[in-house]
Amino acid sequence: MKFFDTLSSNKKDIPFYYALCLSAFMLSLAFCVDTPLQVLQGFWIIISSPAGLITDSILIGGLGAAFFNAGLVLLYSIFLLRWAKVPFSGISIACLFLMAGFSLFGKDIWNIQPFILGGWLYSRYKKEPFSRYIYTTLFGTTLCPVASEVGMILDGFVAVIAMVLVGVAIGFLIPPIAVFSVRAHQGYNLYNVGFAAGLLGMIFASLCKSFGYEFQTQSKWSSGNNFLLGGWLAFLFLFTIAAGLLLEPKWKNYPRMFRHSGRLIADFVLLDGIGFSLINMGVVGCIGLATTLLTGNQINGPTMGGIFTMCGFAAFGKHPKNILPVMFGVLVSTVIMVHNLQDPSVVLAALFGTALAPIAGQFGWKWGIVAGIIHSCVVLNVGGLHGWMNLYNNGFAAGLVCIVLVPLIEAIRNHNTTERRTV
Amino acid sequence: MKQTSVITREKMSRILDELYTALFTAGAQNISMNIKRWDDGLSIHLESDYDPALRNKVEDLARFLKPEVRNTAFEETYWALVGCDRTGEDSELMLVGQMVDSADVSVEEHRIRLCLFKKYE
Chain A
59 MKFFDTLSSN
69 KKDIPFYYAL
79 CLSAFMLSLA
89 FCVDTPLQVL
99 QGFWIIISSP
109 AGLITDSILI
119 GGLGAAFFNA
129 GLVLLYSIFL
139 LRWAKVPFSG
149 ISIACLFLMA
159 GFSLFGKDIW
169 NIQPFILGGW
179 LYSRYKKEPF
189 SRYIYTTLFG
199 TTLCPVASEV
209 GMILDGFVAV
219 IAMVLVGVAI
229 GFLIPPIAVF
239 SVRAHQGYNL
249 YNVGFAAGLL
259 GMIFASLCKS
269 FGYEFQTQSK
279 WSSGNNFLLG
289 GWLAFLFLFT
299 IAAGLLLEPK
309 WKNYPRMFRH
319 SGRLIADFVL
329 LDGIGFSLIN
339 MGVVGCIGLA
349 TTLLTGNQIN
359 GPTMGGIFTM
369 CGFAAFGKHP
379 KNILPVMFGV
389 LVSTVIMVHN
399 LQDPSVVLAA
409 LFGTALAPIA
419 GQFGWKWGIV
429 AGIIHSCVVL
439 NVGGLHGWMN
449 LYNNGFAAGL
459 VCIVLVPLIE
469 AIRNHNTTER
479 RTV
Chain B
10 MKQTSVITRE
20 KMSRILDELY
30 TALFTAGAQN
40 ISMNIKRWDD
50 GLSIHLESDY
60 DPALRNKVED
70 LARFLKPEVR
80 NTAFEETYWA
90 LVGCDRTGED
100 SELMLVGQMV
110 DSADVSVEEH
120 RIRLCLFKKY
130 E
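Read top to bottom, the protein sequences are chains A and B.
So that you can map any letter, position 322 of the first sequence is 380 in the numbering used here, and since no number is skipped, the others follow by simple counting.
So that you can map any letter, position 101 of the second sequence is 110 in the numbering used here, and since no number is skipped, the others follow by simple counting.
Derived by calculation from the structure, the hints in this document are not laboratory data.
Calculated cross-link-like contacts (lysine-lysine; reagent style DSS-like; alpha-carbon spacing at most 25 Å):
1. A:Lys308 x A:Lys379
2. A:Lys69 x B:Lys75
3. A:Lys184 x B:Lys128
4. A:Lys185 x B:Lys128
5. A:Lys379 x B:Lys66
6. B:Lys128 x A:Lys143
7. A:Lys308 x B:Lys75
8. A:Lys308 x B:Lys66
9. A:Lys143 x B:Lys75
10. B:Lys66 x A:Lys310
11. B:Lys75 x A:Lys70
Since the model is a prediction, treat every value here as computed from it, not as a measurement.
Input sequences plus hints: build the corresponding full structure.
Rendered as structure tokens:
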């Protein structure tokens, strides 16, 4: 009880310890499901393979190697946040869960390095501490498939040099673009860097296509692990809820969190405390897991990435009231449109489309459903613009949806308000 | 004037926008403000009445302006969102708290006094 009492009195460190436990859990799980040799062999395959959408690390490297990679990337990200001396809060949890989740389908400990170096160099260029850019830098590793792609095109040492240079350049460019892109969507897209990276990736892909290079999409999608992975996720989320209940004596007030629209920046750890945030993370994670299973989809690298990202962002803007309308909208689109519910891109749209949760939170559930329907159409058609190189394709699509939808909603609402005033 | 102080001025004007929106939301009828330029930064003094029935909003405002931790990463990426919101939402007020270097807030029975300081960048 002494350790728990210490934690309760110093709640600032809980997100750090929670992330550390998750990392240790993932690393140990890796060696429980596979032998050390299998893990290392699979790990090598993961870091030497192209990482464009959709590459399931579980399929190409095996379960153990995928978890080893994710645990390692998570541990490395925790180390970077600690090294940069940033306080741990909701955005830290969102960032760390996203890094762990995307390490199951695209990111690896090798291909993210140039981007982090690029972000660090940008902080040096601006003569500011790295802590100001650490999150944008970590989120900016979304374009790591570009580095992997360059590494695949060229051979030998030249490939490594080119990969590093391209990654550093992108990592350097992402922070200023991210500052601008947030103005475009006004904080209604939770995956802001996904939108910024999509714009940059679009220009990069256009340049490559102009020189005759053709990008290839792929669909490496594992199946058959629903029992193991679903059980593991259910345990994680129930544990998270239990931890939240223990830390928050007023847990019955949890629905008060739903008063937040979720619009950036809604750092729930700072707004409502770590206890409520953990409960919310567990609940949102369960919703993501249930949606995947109930729609007959597979729990694999990409869907786990989506569920992890939902869970992480439940400390930074998402809660059941603002995500459910958007998810429902995406699912409705499969009924009225040609989309198939079992299509990997559609289930990913349902999970990652919750980036638009602030629209439902701010303008109501009806607009949330509309946003979900539009998002499902847009996200299935914009991947080619960046050559499937931006892992946060949903963040890119969500940004585009916001730019069009938010001004329209505001215009309609303002018109209705004016009419009411004149009557 | 140095280029850097122009950015600080723009940020301060957004902070002001957010603050008076929040105060109006808390039922303010009369807000007086004073902005002062110092060698190393800008300060804002705000004094306002509020609706006692909405005291919880004012107390929340005071809490958000004096956060336990300040994370400079918030300001770097998201500062442009301050002042965009028309409802005085918590998240934007929290962002204001993350952007200023010091805040002195006193909440009395019918009045609130704020003194915020932001260094030049």
